[in-house]
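Enquirer: If you want the building blocks of each chain, they are given just below.
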Amino acid sequence: MSNVKETAVELRGISKYFSGTVANDKIDLEVKRGEVLALLGENGAGKTTLMRILYGMYRADEGEILIDGKPVTINSPYDAMNLGIGMIHQHFTLVPVHTVVENVMLGLDGPYDPGAVAEEIRTLGRRYGLEVDPYATVRLLPVGMQQRVEILKALIRKACILIMDEPTAVLTPQETDRLFDFVREFRSGGNSVVFITHKLNEVMNIADRITVLRAGRTVGSIPKVEASESALARMMVGRDLELTTGQPAKNVGEVVLDVDNIGVISSRGHRVIDGLSFQIRQGEILGIAGVSGNGQEELAEVLCGLRNAEEGDIRVSGKSIVNCAPLAIIAEGVGYIPSDRQSEGLVLDMTVAENLMLKGSSDPEFTKGRFLDMAAIEENASRQVHEFDIKTPSVSTRTKALSGGNQQKVVVAREIAIASKLLVAVQPTRGLDLGATDYVHRVLLRERDKGKAVLLISTELSEIMNLSDRIGVIYRGSLLRVFTRENADIGEIGLLMTGIRGESNE
Amino acid sequence: MNKRSDQSIWLALTPLYSVILGLAASGLMMLLLKHNPIEAFAQLFGYAFRDIYNVADIFAKATPLILTGLAFGFAFRASLFNIGAQGQFYMGSIGAVVVALKLGFLPPVLLLPLCLIASVVMGAAWGAIVGMCKSRFNANEFLISMMSNYVAVAIMNFLVRVPLKEAKGEYPQTDVISEAAWIQSLIPGTRFHWGFILALAAALLAYVILWRTSLGFKIRAVGMNRSAARYAGIDEKKIFVIVFAISAGFAGLAGFMEVNGIQHMVVQGFNPTLGPEGIGIAILGNAHPLGIVLSGLLFGALKVGGNLLTQTTTIPSSIIGIMEGFVMLFVVLSYFVQNKVILAQRKRRLAKGEDVA
Ligand SMILES: Nc1ncnc2c1ncn2[C@@H]1O[C@H](COP(=O)(O)OP(=O)(O)O)[C@@H](O)[C@H]1O
Ligand SMILES: [Mg+2]
Chain A
1 MSNVKETAVE LRGISKYFSG TVANDKIDLE VKRGEVLALL GENGAGKTTL MRILYGMYRA
61 DEGEILIDGK PVTINSPYDA MNLGIGMIHQ HFTLVPVHTV VENVMLGLDG PYDPGAVAEE
121 IRTLGRRYGL EVDPYATVRL LPVGMQQRVE ILKALIRKAC ILIMDEPTAV LTPQETDRLF
181 DFVREFRSGG NSVVFITHKL NEVMNIADRI TVLRAGRTVG SIPKVEASES ALARMMVGRD
241 LELTTGQPAK NVGEVVLDVD NIGVISSRGH RVIDGLSFQI RQGEILGIAG VSGNGQEELA
301 EVLCGLRNAE EGDIRVSGKS IVNCAPLAII AEGVGYIPSD RQSEGLVLDM TVAENLMLKG
361 SSDPEFTKGR FLDMAAIEEN ASRQVHEFDI KTPSVSTRTK ALSGGNQQKV VVAREIAIAS
421 KLLVAVQPTR GLDLGATDYV HRVLLRERDK GKAVLLISTE LSEIMNLSDR IGVIYRGSLL
481 RVFTRENADI GEIGLLMTGI RGESNE
Chain B
1001 MNKRSDQSIW LALTPLYSVI LGLAASGLMM LLLKHNPIEA FAQLFGYAFR DIYNVADIFA
1061 KATPLILTGL AFGFAFRASL FNIGAQGQFY MGSIGAVVVA LKLGFLPPVL LLPLCLIASV
1121 VMGAAWGAIV GMCKSRFNAN EFLISMMSNY VAVAIMNFLV RVPLKEAKGE YPQTDVISEA
1181 AWIQSLIPGT RFHWGFILAL AAALLAYVIL WRTSLGFKIR AVGMNRSAAR YAGIDEKKIF
1241 VIVFAISAGF AGLAGFMEVN GIQHMVVQGF NPTLGPEGIG IAILGNAHPL GIVLSGLLFG
1301 ALKVGGNLLT QTTTIPSSII GIMEGFVMLF VVLSYFVQNK VILAQRKRRL AKGEDVA
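So the protein lines, in turn, are chains A and B. Following my numbering, the numbering of the first sequence begins with 1 at its first residue and continues without gaps. Following my numbering, the numbering of the second sequence begins with 1001 at its first residue and continues without gaps.
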């Protein structure tokens, strides 16, 4: 009898055009009462856009929205909230310097008594397992806690349709489990959840029904019981895809990178890296796992010369590079794939050819005296475009016209040419679709097999587990432990990521 | 494909529309002043192109404008705002006039190059100070360069009132420089002098530096994405200083043009709007050297025609300023409108299912 559930939300023929892209193309979607709908799709499939339309942040160019069968116009998140829709964004919208209560009260209608709101936060927290201290300052809360505050904000506004945009991206495995508990509890009260993700295992874990988007279109909508991970993967990418898992390293050689007890103090005076040491040898990938914000960024910046270390030494093949200028480190054969290709890796308004030589503007390879060697730049670009299969109309196309995957290929091509000894990759697949992700993974493994040392810093645990020969866990600027690939245990790594040291002895 | 390139031609002409709209708006102003705008414009352009002397004057007027336009445009390519072209122009003038006065006994082949070098070096040094403030103290270059104008004016005022004051001691101006230091006319009897060719060479130089040299690559990289440039090992602090020096060097060169080519002396507070007009010219020319040359010529024509117009009719002379102002206003607006039009076009094409590159 509960098989026939009422429809809570219906989207009909929603289209949304941005300059250059069709983000949503006549999408139909239905969410029932008491159901968790997983909205599955690769990065760029249009999931966020569609849900922002439902939440009143964007206006659809075509199509209509029905709530409980009645057509509605949603012009702002305020309208959405009044219709019982809440949304937890990928990037939180909290005021960091305010307390939890103050954040929750923001935007509530009418004068509220902070004490009463704090009490409600506590009650709701207990009911759903989302306990937080109402008087804690948001800035000082860990990311997982901040997410709870976002959820509580929606609950206090009596949301009965909760949209969560890739909520697990910032969580440890344990925190994810707790979030899932909440989702189930919330659903059992007859509420609906739209759970956006691109991770198949989460879908199989939490969803009742799955709607798959690809390139702005609905590919299909199926009940979980009829779904399998491989079938979903095929729906997502439109073809079969075998994900690369690295074979263990075979020929491990000499030490290339030797990070020796470094310490870094941030500009605000915090100690962000503290007594960090590790080594990477030729032909080996060291993966560094951790929740973001535990010193990964600072470590990467020190390695490429953009930040000074107060203590310790870093040697590349025996030569100290700590606190050297970026150009000197590049000259030592250290390539660097930054986490944010658009702001750190590329000059989007420059051409593909120019970006492929971005770090070589003083290199005799690309210059003749003070002048650019246009022929050499062209030649290098054509070769790289061919070798890395970069999809671009020409080498003189502006890089911003390329897709995310091809932009990343430009960065990867350039950095691999630089990295004769060491390749540092920070979140190298962030925001890439599955095909491009797999491509980057294969390139990292190939470079390792050529005898380079690779440092992979990522918050995607699956990426780390699949590629690394050894895995270190970083927490508050220190490596808590380094596992070999064989004894890496995902549960233990997850605990270490939250700073809880495991019991096992190794 | 063809249709698209047609459209982009129309879009490329937007500066032209802005000029026309700017002139139309100033026409409305003339109507308010009870003058017939059509007649006035006919007269304005009639005067500007009436005889060889006036046409030559357009080039003479355009010469320093192109240079201050380059001064703003060059720095703009590095995402830096050089609002100090006026002061840099004055410093260049001082350099040129001092050399011309003190070394007046030299023959032209020596004297002219020395004056030129002095003007460029003085301008560049003055601008480099702004660049240093930016790279050393992370100062706001917009404000610092703007303030540097006032300091330069004060220095010039002092110089023409005390150490460089004319022998007669009457006016705050220098003596006339020796004829050996005059830039020769290209067409005898007109003010069209070799300086215009030099200004074209300067524009070409700006182009070559920006798009053909390693330095220019770094400048553009810093201008378009400072953080990626940092990752690429480009020293932005060095770039700030170099860019300001080069950019100010262009403005300093304008001093040589005006002192040795037109005025043959320095008069307190002469050409007080060259710097601000350079900003408008650079914007109208899309900060591209070729665009700057063309818009410099347009402003030159407006000045020549406008001057004659206000001398022969009762239209107030401020109408030239109003015309220039309206043109700049519409240029700035046009960038906004242009973006909207492009976005709307793309949306329409996407909705029709065509692909968009
Ligand atoms: N504000 C925006 N302006 C322009 N393009 C956008 C904007 N937001 C999203 N897009 C584009 O729309 C497409 C869908 O994006 P999005 O909805 O964020 O996908 P998803 O959440 O599935 O990863 C992408 O190609 C993206 O680049
Ligand atoms: Mg998204």
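Check each hint, because a few of them may be wrong.
Stated by the list, open to error - Across the chosen pairs, the derived CB separations fall in these ranges: (1) GLY369(A) with ALA1201(B): 17 to 27 Å; (2) ARG1349(B) with SER188(A): 41 to 51 Å; (3) LEU1016(B) with THR73(A): 20 to 30 Å; (4) GLU378(A) with LEU1016(B): 53 to 63 Å.
Claimed, not checked - Straight-line alpha carbon distances no greater than 20 Å define the calculated EDC-like cross-link-like pairs of lysine to aspartate or glutamate that follow: (5) LYS1347(B) with GLU131(A); (6) LYS158(A) with GLU102(A); (7) LYS368(A) with GLU379(A); (8) LYS1352(B) with ASP25(A); (9) LYS1347(B) with GLU64(A); (10) LYS319(A) with GLU379(A); (11) LYS70(A) with GLU131(A); (12) LYS158(A) with GLU202(A); (13) LYS1238(B) with ASP61(A); (14) LYS1352(B) with GLU102(A); (15) LYS1352(B) with ASP61(A); (16) LYS1340(B) with GLU379(A); (17) LYS1347(B) with GLU379(A); (18) LYS1347(B) with ASP25(A).
The hints are simulated quantities; they were obtained by calculation from the structure and are not laboratory data. Cβ coordinates follow ideal geometry from the N, Cα and C atoms, glycine included.
Enquirer: Run the distance test for LYS1347(B) versus GLU64(A): straight-line Cα separation, threshold 20 Å.
Expert: With Cα atoms ~19 Å apart, LYS1347(B) and GLU64(A) stay inside 20 Å; holds.
Enquirer: Just to be careful, I want the Cα atoms of LYS1352(B) and ASP25(A) compared with a cutoff of 20 Å; is the pair within it?
Expert: Given pair LYS1352(B), ASP25(A) holds - Cα atoms ~11 Å apart, limit 20 Å.
Enquirer: Between the alpha carbons of LYS1340(B) and GLU379(A), is the straight-line distance 20 Å or under?
Expert: violated, 37 Å
Enquirer: Is the distance from the Cβ of GLY369(A) to the Cβ of ALA1201(B) consistent with 17 to 27 Å?
Expert: holds, 20 Å
Enquirer: Does ASP61(A) lie within 20 Å of LYS1238(B) when you go C-alpha to C-alpha?
Expert: violated, 48 Å
Enquirer: Lying within 41 to 51 Å: is that true of the beta-carbon distance ARG1349(B) to SER188(A)?
Expert: holds, 47 Å
Enquirer: For the pair we were handed, LYS1347(B) and GLU131(A), check the Cα-Cα distance against 20 Å.
Expert: At roughly 46 Å apart (the allowed maximum being 20 Å), GLU131(A) and LYS1347(B) break the hint.
Enquirer: When you check the alpha-carbon spacing of LYS158(A) and GLU102(A), does it fall within 20 Å?
Expert: holds, 18 Å
Enquirer: Holds or violated: LYS319(A) with GLU379(A), Cα cutoff 20 Å?
Expert: Not satisfied, since the Cα-Cα distance of roughly 33 Å exceeds 20 Å.
Enquirer: Are the Cα positions of LYS158(A) and GLU202(A) separated by 20 Å at most?
Expert: violated, 26 Å
Enquirer: Between LYS368(A) and GLU379(A), is the straight-line Cα distance small enough, at 20 Å or below?
Expert: holds, 15 Å
Enquirer: Between the alpha carbons of LYS1347(B) and ASP25(A), is the straight-line distance 20 Å or under?
Expert: Holds - the C-alpha atoms of ASP25(A) and LYS1347(B) are around 12 Å apart, at most 20 Å.
Comparing the model with each earlier hint shows violations of hints 3, 4, 5, 10, 11, 12, 13, 14, 16, 17; every other hint is respected.
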